[in-house]
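Asks: Using the hints, position chain R against chain L.
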Amino acid sequence: MSYIELKDICFSYGDIIALRHASLSVEKGEIVMITGPNGCGKSTLLNIMTGLIYPEYGEYNFEGIAINNRYLNDKKAAKLFHKKVGYIFQNSEVQLFCGNVFDEVAFGPMQMGLCDEEVKKRVTDCLTLLNITQLKERVPYHLSGGEKKKVAIASILAVDPDVLILDEPLSGLDRASKDSIIELLKMLHGSGKTIIVSTHDELLINGIDARIVVMDEEHKII
Amino acid sequence: MSRLPEWMLQSDNYIPEKDSDSYVKKSIIKLLSMLSRLRMHGGVTFRGNAAVRLFVMFVFILLISLSKNMFFVYIMLAVLLVRLIFVPGKVAVQVLAPGISAALFSVLMLIPSAFMGSPKSMIFISLKVFISASMVNVFAVTIPWNYITDALKTFFVPDIFIFILEITLKNIIWLGDIAYNMLSALNMRQIGHNRNKSEALEGILGTLFIKTKESSDVTYNAMMLRGFTGEYRRLRKKRFTLTDAVYLSVLIAVIALFIYFERLV
Numbered sequence: 000m001s002y003i004e005l006k007d008i009c010f011s012y013g014d015i016i017a018l019r020h021a022s023l024s025v026e027k028g029e030i031v032m033i034t035g036p037n038g039c040g041k042s043t044l045l046n047i048m049t050g051l052i053y054p055e056y057g058e059y060n061f062e063g064i065a066i067n068n069r070y071l072n073d074k075k076a077a078k079l080f081h082k083k084v085g086y087i088f089q090n091s092e093v094q095l096f097c098g099n100v101f102d103e104v105a106f107g108p109m110q111m112g113l114c115d116e117e118v119k120k121r122v123t124d125c126l127t128l129l130n131i132t133q134l135k136e137r138v139p140y141h142l143s144g145g146e147k148k149k150v151a152i153a154s155i156l157a158v159d160p161d162v163l164i165l166d167e168p169l170s171g172l173d174r175a176s177k178d179s180i181i182e183l184l185k186m187l188h189g190s191g192k193t194i195i196v197s198t199h200d201e202l203l204i205n206g207i208d209a210r211i212v213v214m215d216e217e218h219k220i221i
Numbered sequence: 000m001s002r003l004p005e006w007m008l009q010s011d012n013y014i015p016e017k018d019s020d021s022y023v024k025k026s027i028i029k030l031l032s033m034l035s036r037l038r039m040h041g042g043v044t045f046r047g048n049a050a051v052r053l054f055v056m057f058v059f060i061l062l063i064s065l066s067k068n069m070f071f072v073y074i075m076l077a078v079l080l081v082r083l084i085f086v087p088g089k090v091a092v093q094v095l096a097p098g099i100s101a102a103l104f105s106v107l108m109l110i111p112s113a114f115m116g117s118p119k120s121m122i123f124i125s126l127k128v129f130i131s132a133s134m135v136n137v138f139a140v141t142i143p144w145n146y147i148t149d150a151l152k153t154f155f156v157p158d159i160f161i162f163i164l165e166i167t168l169k170n171i172i173w174l175g176d177i178a179y180n181m182l183s184a185l186n187m188r189q190i191g192h193n194r195n196k197s198e199a200l201e202g203i204l205g206t207l208f209i210k211t212k213e214s215s216d217v218t219y220n221a222m223m224l225r226g227f228t229g230e231y232r233r234l235r236k237k238r239f240t241l242t243d244a245v246y247l248s249v250l251i252a253v254i255a256l257f258i259y260f261e262r263l264v
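Which chain is which? The protein sequence lines are L and R, in order. Take 0 as the starting number for the first sequence in numbering that gives the first Met the number 0 and just add one per residue. Take 0 as the starting number for the second sequence in numbering that gives the first Met the number 0 and just add one per residue.
This is chain L alone, in the form it adopts within the complex (with noise of 0.2 Å):
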């Protein structure tokens, strides 16, 4: 069985057909780029990925386990798979809600019950790896679009997550920013990070070696 496993997913909003029979396997530390023309389902595939919706038919399985309503209504259940399936939304400024950029790094870490050096050891990496560390006071919501992805980013990384799941995360970024963010994951999918990308950039497509993933606007993976 793979790492992540979906099975003949269709997922419809009302009347529109979001996903038809999508079928997708995931080996862990793989690199998985999703691309297809505008509303083909891409976004919709991620979010049943990372538990926001459930398949409407079929079966997602995460580590052998099926992910679904009855799953993640164990409250432990839940809070682990988040954990270890980090999300970075397409408009990330909406997973951006602290006080400050610190704060908003220092949330997860300090759920996750760490000692306060621990938290700020791993606030500190994750705005020097992200070359953010000069924003550490400012509001998120005052960023730009660009500086608030780099956040949302950050913020996902500092938990560690096994699993990172983003949705076109070079719209909006400068070529540098978009070069670094490259890097970047590059980097992760070294240390043995499984990740999966939902993507237009040729930059990001060209840039890494990944298996790509189609979908038509049949709603359907290729």
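Take the hints with a grain of salt, since some may be wrong.
[Claimed, not checked] Restricting the straight-line Cα-Cα distance to at most 27 Å, the calculated cross-link-like pairs of lysine-lysine (BS3-like) are:
{"#": "1", "chain 1": "L", "residue 1": "Lys83", "chain 2": "R", "residue 2": "Lys24"}
{"#": "2", "chain 1": "L", "residue 1": "Lys119", "chain 2": "R", "residue 2": "Lys196"}
{"#": "3", "chain 1": "R", "residue 1": "Lys196", "chain 2": "L", "residue 2": "Lys83"}
{"#": "4", "chain 1": "R", "residue 1": "Lys210", "chain 2": "L", "residue 2": "Lys135"}
{"#": "5", "chain 1": "R", "residue 1": "Lys210", "chain 2": "L", "residue 2": "Lys83"}
{"#": "6", "chain 1": "R", "residue 1": "Lys17", "chain 2": "L", "residue 2": "Lys74"}
{"#": "7", "chain 1": "L", "residue 1": "Lys74", "chain 2": "R", "residue 2": "Lys25"}
{"#": "8", "chain 1": "R", "residue 1": "Lys25", "chain 2": "L", "residue 2": "Lys83"}
{"#": "9", "chain 1": "R", "residue 1": "Lys29", "chain 2": "L", "residue 2": "Lys74"}
{"#": "10", "chain 1": "L", "residue 1": "Lys74", "chain 2": "R", "residue 2": "Lys212"}
{"#": "11", "chain 1": "R", "residue 1": "Lys25", "chain 2": "L", "residue 2": "Lys75"}
{"#": "12", "chain 1": "R", "residue 1": "Lys196", "chain 2": "L", "residue 2": "Lys120"}
{"#": "13", "chain 1": "R", "residue 1": "Lys152", "chain 2": "L", "residue 2": "Lys74"}
{"#": "14", "chain 1": "R", "residue 1": "Lys212", "chain 2": "L", "residue 2": "Lys135"}
{"#": "15", "chain 1": "R", "residue 1": "Lys152", "chain 2": "R", "residue 2": "Lys169"}
{"#": "16", "chain 1": "R", "residue 1": "Lys17", "chain 2": "L", "residue 2": "Lys119"}
{"#": "17", "chain 1": "R", "residue 1": "Lys196", "chain 2": "L", "residue 2": "Lys135"}
{"#": "18", "chain 1": "R", "residue 1": "Lys212", "chain 2": "L", "residue 2": "Lys75"}
[Stated by the list, open to error] Calculated from the model, a selection of chain L residues having no Cβ within reach of chain R, i.e. all distances over 10 Å:
{"#": "19", "residue": "Arg19"}
{"#": "20", "residue": "Lys74"}
{"#": "21", "residue": "Gln94"}
{"#": "22", "residue": "Gly107"}
{"#": "23", "residue": "Met111"}
{"#": "24", "residue": "Ala209"}
{"#": "25", "residue": "Arg210"}
If you're looking for bench data, these hints aren't it; they were derived computationally from the structure. Small disclaimer: the values here were computed from a predicted structure and weren't measured. Glycine included, C-beta positions come from ideal geometry on N, C-alpha and C.
Replies: Positioned in the frame of chain L, the structure of chain R alone reads:
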């Protein structure tokens, strides 16, 4: 770029602590049901003249509130129930639920009158409240908002009022989506024991507030740049359908019945 820190190269041996955070999940479910209701409303197809419906509803409510005759109120209840036959079950529930809540609230407020010797007035007023609230709901649920604002324009409601209404309606769904995403993100990031639950929610509310303000400013500026001078103009063709004719016929019959029954009092 600096190297990955040591802790990121090892796997955390983490077991989550117990924490009560069902408020986030409950908020998400509530928000989702509200958004799906609003979206369902957005998809309502309507053929007819909203101004006629608005006028009929207004006169019905006026007559119900003026009536002193219980029999006339029963007739209006029958009119409401007949109207509900023509809507799907889900919509009927949407119409009746707020009406029943409003009626129950009136009963609660009027309980003292029952003890003071006029229990009939408690039933009479509560029934009037139920019918009026349900009629407003029938109108609101079965007619798309853009038609409602059109109808308001027909009745010379000030443009600034229509503008605020339209911006508000547009923002409710948009902000609802953002709120849903923010709550989902919070839910996903709550991987342990959150000591400052209120802080995260305050942050979400603060962001939503700022976004609302910014969005309405941007929309207004965009409208100004496209030539909006404070006056609403629409090119939608005003239809008059057979259903509108039926509505007007029922209105005439109801007015006649009102006059007849009021003379009996």
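Asks: The structure should be examined with respect to each hint, and the outcome stated for every one.
Replies: Okay, the hints, checked on the actual structure:
A threshold of 27 Å between alpha carbons decides the hint, and for lysine 83 of chain L with lysine 24 of chain R the separation of about 19 Å falls inside it, so the pair holds. For the proposed pair lysine 119 of chain L and lysine 196 of chain R, the alpha carbon gap of about 20 Å is at most 27 Å, so the pair holds. A threshold of 27 Å between alpha carbons decides the hint, and for lysine 196 of chain R with lysine 83 of chain L the separation of about 22 Å falls inside it, so the pair holds. Taking the CA atoms of lysine 210 of chain R and lysine 135 of chain L, the gap is near 22 Å; set against the 27 Å cutoff, the hint holds.
Restraint check: the Cα-Cα separation between lysine 210 of chain R and lysine 83 of chain L comes to about 31 Å, which exceeds 27 Å; the hinted pair is violated. With a C-alpha separation of about 8 Å, the suggested pair lysine 17 of chain R and lysine 74 of chain L falls inside the 27 Å cut-off, and the hint holds. Proximity of lysine 74 of chain L to lysine 25 of chain R is assessed by CA-CA distance (about 13 Å); at most 27 Å being required, the pair is judged to hold. Annotation: proposed proximity of lysine 25 of chain R to lysine 83 of chain L holds, straight-line Cα distance about 23 Å (limit 27 Å).
Straight-line distance between C-alpha atoms of lysine 29 of chain R and lysine 74 of chain L comes to about 19 Å, which keeps the hinted pair within the 27 Å bound. Using a Cα cut-off of 27 Å, the hinted pair lysine 74 of chain L and lysine 212 of chain R is violated, with the two alpha carbons roughly 36 Å apart. Of the supplied pair hints, the one linking lysine 25 of chain R and lysine 75 of chain L holds, its CA atoms being roughly 17 Å apart against a limit of 27 Å. Pair hint lysine 196 of chain R plus lysine 120 of chain L holds up; C-alpha atoms about 23 Å apart against a cutoff of 27 Å.
This hinted pair does not check out: lysine 152 of chain R and lysine 74 of chain L have alpha carbons roughly 51 Å apart, beyond 27 Å. Of the supplied pair hints, the one linking lysine 212 of chain R and lysine 135 of chain L holds, its CA atoms being roughly 26 Å apart against a limit of 27 Å. Between lysine 152 of chain R and lysine 169 of chain R, the direct Cα distance comes to roughly 18 Å. Compliance with the 27 Å bound is thereby established for this hinted pair. Simply put, lysine 17 of chain R and lysine 119 of chain L have alpha-carbon atoms about 24 Å apart, close enough for the 27 Å limit, and the pair holds.
As the CA atoms of lysine 196 of chain R and lysine 135 of chain L are separated by approximately 21 Å, the hinted pair is consistent with the 27 Å bound. Under the criterion of a C-alpha separation no larger than 27 Å, the hint pairing lysine 212 of chain R with lysine 75 of chain L is inconsistent with the structure, at around 38 Å. Distance check on arginine 19 of chain L: its Cβ is at least 21 Å (rounded) from any Cβ of chain R, clearing the 10 Å threshold; non-interface status holds. With a minimum CB-CB distance of about 7 Å to chain R, lysine 74 of chain L fails to clear the 10 Å threshold, and the non-interface call is violated.
Once the 10 Å rule is applied to beta carbons, glutamine 94 of chain L is inconsistent with being away from chain R; the minimum gap is 4 Å. Separation of glycine 107 of chain L from chain R is inadequate, the least Cβ-Cβ distance of about 6 Å not exceeding the 10 Å criterion. Consistency note on methionine 111 of chain L: stated as away from chain R, yet its beta-carbon is not over 10 Å from all of that chain's, at 5 Å minimum. Every beta carbon of chain R lies more than 10 Å from that of alanine 209 of chain L, the smallest distance being close to 18 Å; the non-interface claim holds.
Every beta carbon of chain R lies more than 10 Å from that of arginine 210 of chain L, the smallest distance being close to 22 Å; the non-interface claim holds.
Taken one by one, the earlier hints fail for this structure at numbers 5, 10, 13, 18, 20, 21, 22, 23, listed in ascending order.
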